[in-house]
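> So the sequence lines, in the order shown, correspond to chains G and D. Take the first sequence: its position 162, counted from the start at 1, is 162 in the numbering used here, and no numbers get skipped. Take the second sequence: its position 180, counted from the start at 1, is 516 in the numbering used here, and no numbers get skipped.
Hint data in this document are derived by calculation from the structure and do not stem from the laboratory. Any given hint might turn out to be false.
Taking CB as the label site, the calculated pair distances span [to be verified]: (1) G:Glu199 - D:Arg602: 22 to 32 Å; (2) D:Ser467 - G:Lys3: 33 to 43 Å; (3) G:Lys326 - D:Ser467: 28 to 38 Å; (4) G:Glu276 - D:Leu478: 42 to 52 Å; (5) D:Cys395 - G:Gly76: 31 to 41 Å; (6) G:His159 - D:Val506: 53 to 63 Å; (7) D:Cys395 - G:Glu261: 42 to 52 Å; (8) D:Leu478 - G:Gln329: 38 to 48 Å; (9) G:Lys326 - D:Leu387: 54 to 64 Å; (10) G:Arg150 - D:Gln559: 31 to 41 Å; (11) D:Gln559 - G:Thr201: 51 to 61 Å; (12) G:Lys120 - D:Asp365: 24 to 34 Å.
Taking lysine-lysine and the DSS-like style, the derived pairs with C-alpha atoms no more than 30 Å apart in a straight line are [as the list claims (entries may be wrong)]: (13) G:Lys326 - D:Lys706; (14) D:Lys345 - G:Lys2; (15) D:Lys490 - G:Lys3; (16) D:Lys746 - G:Lys67; (17) D:Lys706 - G:Lys3; (18) D:Lys618 - D:Lys490; (19) D:Lys618 - G:Lys326; (20) D:Lys355 - G:Lys67; (21) D:Lys618 - G:Lys318; (22) D:Lys706 - G:Lys2; (23) D:Lys355 - G:Lys318; (24) G:Lys120 - D:Lys618.
Computed footprint of chain D on chain G, listed as stretches where at least three residues anywhere in the stretch have a Cβ under 8 Å from a Cβ of chain D [to be verified]: (25) 38 to 47; (26) 82 to 90; (27) 162 to 173; (28) 257 to 270.
All C-beta atoms in this analysis are idealised placements derived from N, C-alpha and C, irrespective of residue type, glycine included.
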Amino acid sequence: MKKRGWGLGCMWYGIGNTGLANPSGAFIDLLNDGTVILLTGCADIGQGSSTVLAQIAAEVLGVEPGKVRVIAGDTGVTPEGGATSASRQTYISGMAVKAAAQQAQQPLLRKAAQLLGVPKEELVCRDYKIFPFFDPQRSVPLQEMIRQCRRAGEMTLGHGWFNPFTTGLDEETGRGSPYATYAYATQWAEVEVDTETGEVTVLRLIAAHDVGKAINPMAVEGQIEGGCAMGLGYALMEELIVEDGVILNAGFAHYLIPTMEDLPEIRAIIVEEAEETGPFGAKGVGEPPLIPTAPAIINAVSNALGVRFFSLPLTPEKILAALAKKEGQQGRREAT
Amino acid sequence: MSPDHAIGKSLPRLEGWEKVTGQCRFTDDLSMPGMLYAGVLRSTVPHAELLALETEAACRLPGVVAVLTARDVPGHNAVGIIVRDEPVLVEDKIRRVGDPLALVAAESKKAVAEALAAIKVSLRELPAVFSPREAMAPGAPLLRGKTNLLLHRKIRKGNVEEALARAHVVVENTYTTPFVEHAALEPEASLALREGNSITVWTSTQNPHFDRGEIASVLGLEQNRVRVVQQATGGGFGGKLDISTQCHAALLAWHTGRPVKLVYSREESFIASGKRHPYTIKYLSAANREGKLLGIKVEILADTGAYASYGPGVLTRAAVHATGPYYVPHVHVDAYAVYTNNPYCGAMRGFGVPQVGFAHEIQMDILAEKLGLDAWEIRSKNFLQPGMETATNQLLRQSVGIGETLRRVKAEVTETAI
Chain G
1 MKKRGWGLGC MWYGIGNTGL ANPSGAFIDL LNDGTVILLT GCADIGQGSS
51 TVLAQIAAEV LGVEPGKVRV IAGDTGVTPE GGATSASRQT YISGMAVKAA
101 AQQAQQPLLR KAAQLLGVPK EELVCRDYKI FPFFDPQRSV PLQEMIRQCR
151 RAGEMTLGHG WFNPFTTGLD EETGRGSPYA TYAYATQWAE VEVDTETGEV
201 TVLRLIAAHD VGKAINPMAV EGQIEGGCAM GLGYALMEEL IVEDGVILNA
251 GFAHYLIPTM EDLPEIRAII VEEAEETGPF GAKGVGEPPL IPTAPAIINA
301 VSNALGVRFF SLPLTPEKIL AALAKKEGQQ GRREAT
Chain D
337 MSPDHAIGKS LPRLEGWEKV TGQCRFTDDL SMPGMLYAGV LRSTVPHAEL
387 LALETEAACR LPGVVAVLTA RDVPGHNAVG IIVRDEPVLV EDKIRRVGDP
437 LALVAAESKK AVAEALAAIK VSLRELPAVF SPREAMAPGA PLLRGKTNLL
487 LHRKIRKGNV EEALARAHVV VENTYTTPFV EHAALEPEAS LALREGNSIT
537 VWTSTQNPHF DRGEIASVLG LEQNRVRVVQ QATGGGFGGK LDISTQCHAA
587 LLAWHTGRPV KLVYSREESF IASGKRHPYT IKYLSAANRE GKLLGIKVEI
637 LADTGAYASY GPGVLTRAAV HATGPYYVPH VHVDAYAVYT NNPYCGAMRG
687 FGVPQVGFAH EIQMDILAEK LGLDAWEIRS KNFLQPGMET ATNQLLRQSV
737 GIGETLRRVK AEVTETAI
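Kindly generate the complete structure, drawing on both the sequences and the hints.
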């Protein structure tokens with residue numbers, strides 16, 4: 001028989017290292033053709049941080065993100081960005097890049113302020129133009145301002161760094177503020193369980209994530225979908241078998257991870273509760289998506305079968321054993 | 337947001353074109369004139385005293401350029417992000433299957449394999465321990481020092497006994513979670529090049545600046561003599577935060593003066609790399625008649641394996657997050673990371689929180705069932721809001737979106753209900 005059920009999983013996740021200083025730095029060089037070189041220690045490991053950091057620099061400088069060349073994770077030229085871990089790079093390296101870009105544009109703003117006769121604090125850089133926030137029509141071209149800077153012997157360079165506010169944890173009580181901000185999420189899973197084979201099919205996942213601000217919504221959705229896939233593996237498949245210290249399934253023939261075949265439709269919902277200390281309100285999303293997936297799926301299986309499970313991964317063998325035990329108990333009750 | 341803004345836009349990846357057309361170069365795609373291939377001889381036993389390594393026969397094989405052991409480490413023979421407890425090459429004690437014993441650099445991959453097979457290892461096996469509970473018991477085999485306990489993290493808030501006395505419902509269960517492999521598409525890889533008294537390492541990594549410090553320490557160099565270039569990296573998920581190939585490739589390049597490339601096979605990646613910690617979690621939750629959480633008492637016992645890696649960070653994070661995204665006035669958490677002779681465990685996407693998340697969310701559903709509430713209701717009564725304090729007494733001031741995520745998911749479920 002096939003039985004359906006649904007389940008919920010919620011999570012929170014502190015952004016950055018726990019109760020430790022974990023700064024990141026960045027350098028910006030604004031070239032006289034309006035292109036940008038961004039030097040960041042932040043290692044892009046496929047999650048898309050270089051694109052997100054380019055967008056942050058571009059937003060500050062008023063240039064196209066595609067014109068920001070990102071050189072990342074080269075200790076010969078980039079400042080330290082700290083680890084790409086703890087879902088910290090958009091928040092922490094993002095703030096470093098923002099600060100570096102703001103510093104690089106100061107000479108331009110001073111020049112434009114003189115030309116336009118307004119305080120530099122009232123100027124906006126957008127679409128290769130610098131203009132007063134109250135009068136976008138009265139603008140000066142960005143590249144022209146860079147060239148004027150160069151003629152006057154001024155470079156347009158910036159460096160910036162950011163360290164989130166944290167305090168250490170008390171040894172005895174754990175009291176402290178280990179993270180400057182937290183991401184939050186709720187996921188919902190719908191499953192179908194085959195009571196003959198114990199196989200679980202995940203039919204649908206809905207994942208709502210509070211990321212503060214999505215700098216790149218498609219990249220956020222990518223992280224959510226990838227996290228859900230990994231969480232599905234954690235719920236139903238993945239287990240390294242270790243006996244007497246030896247891994248018995250050291251390869252993909254016997255260590256199963258989800259493939260596209262196993263994945264349901266995933267509906268990613270982006271919630272933006274802006275974080276006031278983050279770049280344009282952003283927090284992080286790297287790790288959170290896999291956290292609530294397994295409990296949502298396990299709760300959905302329990303909802304379908306009326307049996308609770310306490311051990312991951314929830315393999316067909318565990319489901320069949322639990323169903324047999326439940327039937328045995330029901331049988332005994334009926335017999336008495 | 338107007339179209340000329342750069343943020344809030346779903347832009348494709350800057351390097352997307354290079355990646356999808358195969359032009360992007362990962363570390364194993366790199367090669368240099370005169371480049372040598374490398375391999376690592378690893379322990380096949382979990383706990384032993386290393387008595388001797390006979391390398392002469394391996395050295396004499398055609399194509400073999402260098403065979404290195406612990407004696408050949410010019411600097412500090414240990415790496416590790418929190419505790420430097422992992423030998424670059426084992427000097428005297430093997431603590432896990434997969435511990436590196438010797439390195440080979442040779443003209444071909446075939447010569448590397450032959451040389452590794454020609455090294456003779458003599459060792460004396462020691463009693464081993466594979467469960468954290470046994471490892472904490474008196475008289476257990478010790479991996480190092482006087483105890484196998486790496487970390488005991490405590491969270492104490494309020495008075496849980498009082499909460500239990502007032503509770504309408506108490507739920508207690510034990511949860512277990514497995515070792516998990518990161519399974520990044522690209523296995524670990526490094527290419528090292530010595531130029532005079534400087535060295536450059538191109539590598540697949542999540543933390544190039546940490547790698548720089550470790551390579552400098554191992555080679556006995558100042559940090560600015562070491563350049564680490566993060567090559568395009570095919571996933572990490574926490575598995576590329578530890579040192580893998582970086583120091584080994586650097587050591588071989590340093591000794592031979594030739595470029596050296598070391599790339600793990602998939603099997604070696606499984607055997608050598610860190611894992612997600614398996615936890616045993618005893619989780620007690622207490623709630624009042626209305627379904628408000630009053631207290632939790634949680635014990636987390638984690639197998640951290642043979643080396644510390646990120647273990648202390650993982651267990652601290654687990655303890656801090658043990659309540660889930662809920663307001664809990666009384667909290668008592670003990671999290672233990674314990675050394676065993678198993679594969680070492682470290683960072684993996686979620687950093688110890690997926691394990692406790694599994695436990696607190698099953699607990700919530702069971703509480704709901706006992707109170708006659710549904711899964712939405714129990715969570716809606718307890719989620720964190722601005723103005724509330726966490727288990728560590730941190731006041732949350734703003735950007736607390738858990739309630740909104742719950743509402744948005746419920747709306748989506750309702751709208752799409754068949």
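> All hints are to be evaluated individually against the structure, with a verdict given for each.
Quick rundown of the hints versus the structure:
1. G:Glu199 - D:Arg602: 22 to 32 Å: 27 Å, holds
2. D:Ser467 - G:Lys3: 33 to 43 Å: 36 Å, holds
3. G:Lys326 - D:Ser467: 28 to 38 Å: With a Cβ separation near 29 Å, Lys326 of chain G and Ser467 of chain D satisfy 28 to 38 Å, so the hint holds.
4. G:Glu276 - D:Leu478: 42 to 52 Å: Holds, since Glu276 of chain G and Leu478 of chain D (Cβ atoms, about 49 Å apart) stay within the stated range.
5. D:Cys395 - G:Gly76: 31 to 41 Å: About 34 Å separates the Cβ atoms of Cys395 of chain D and Gly76 of chain G, which means 31 to 41 Å holds.
6. G:His159 - D:Val506: 53 to 63 Å: 55 Å, holds
7. D:Cys395 - G:Glu261: 42 to 52 Å: 49 Å, holds
8. D:Leu478 - G:Gln329: 38 to 48 Å: The hinted range 38 to 48 Å holds for Leu478 of chain D and Gln329 of chain G, with Cβ atoms some 45 Å apart.
9. G:Lys326 - D:Leu387: 54 to 64 Å: Hint holds: Cβ distance 55 Å, inside 54 to 64 Å.
10. G:Arg150 - D:Gln559: 31 to 41 Å: 34 Å, holds
11. D:Gln559 - G:Thr201: 51 to 61 Å: Since the Cβ atoms of Gln559 of chain D and Thr201 of chain G sit about 52 Å apart, the hinted range of 51 to 61 Å holds.
12. G:Lys120 - D:Asp365: 24 to 34 Å: Once the Cβ atoms are compared, 47 Å apart, the range 24 to 34 Å for Asp365 of chain D and Lys120 of chain G is violated.
13. G:Lys326 - D:Lys706: Between Lys326 of chain G and Lys706 of chain D the Cα gap is close to 19 Å, so the pair holds against 30 Å.
14. D:Lys345 - G:Lys2: 42 Å, violated
15. D:Lys490 - G:Lys3: Since the Cα atoms of Lys490 of chain D and Lys3 of chain G sit roughly 42 Å apart, the hinted pair is violated (cutoff 30 Å).
16. D:Lys746 - G:Lys67: 41 Å, violated
17. D:Lys706 - G:Lys3: Holds. Lys706 of chain D to Lys3 of chain G sits at ~23 Å (cutoff 30 Å).
18. D:Lys618 - D:Lys490: Judged against 30 Å, a Cα distance of about 15 Å means the pair holds.
19. D:Lys618 - G:Lys326: OK: Lys618 of chain D and Lys326 of chain G at ~23 Å, within 30 Å.
20. D:Lys355 - G:Lys67: Distance ~18 Å between Lys355 of chain D and Lys67 of chain G Cα, so the pair holds.
21. D:Lys618 - G:Lys318: 20 Å, holds
22. D:Lys706 - G:Lys2: OK: Lys706 of chain D and Lys2 of chain G at ~26 Å, within 30 Å.
23. D:Lys355 - G:Lys318: 41 Å, violated
24. G:Lys120 - D:Lys618: 59 Å, violated
25. 38 to 47: Contact hint for the stretch 38 to 47 of chain G vs chain D: holds, 5 residues under 8 Å.
26. 82 to 90: Since three or more residues must qualify, the claim that chain D covers the stretch 82 to 90 of chain G holds, with 5 doing so at under 8 Å.
27. 162 to 173: n = 4 at 8 Å, threshold three: holds.
28. 257 to 270: Our answer is that it holds, as 3 residues pass the Cβ test (under 8 Å) against chain D, meeting three.
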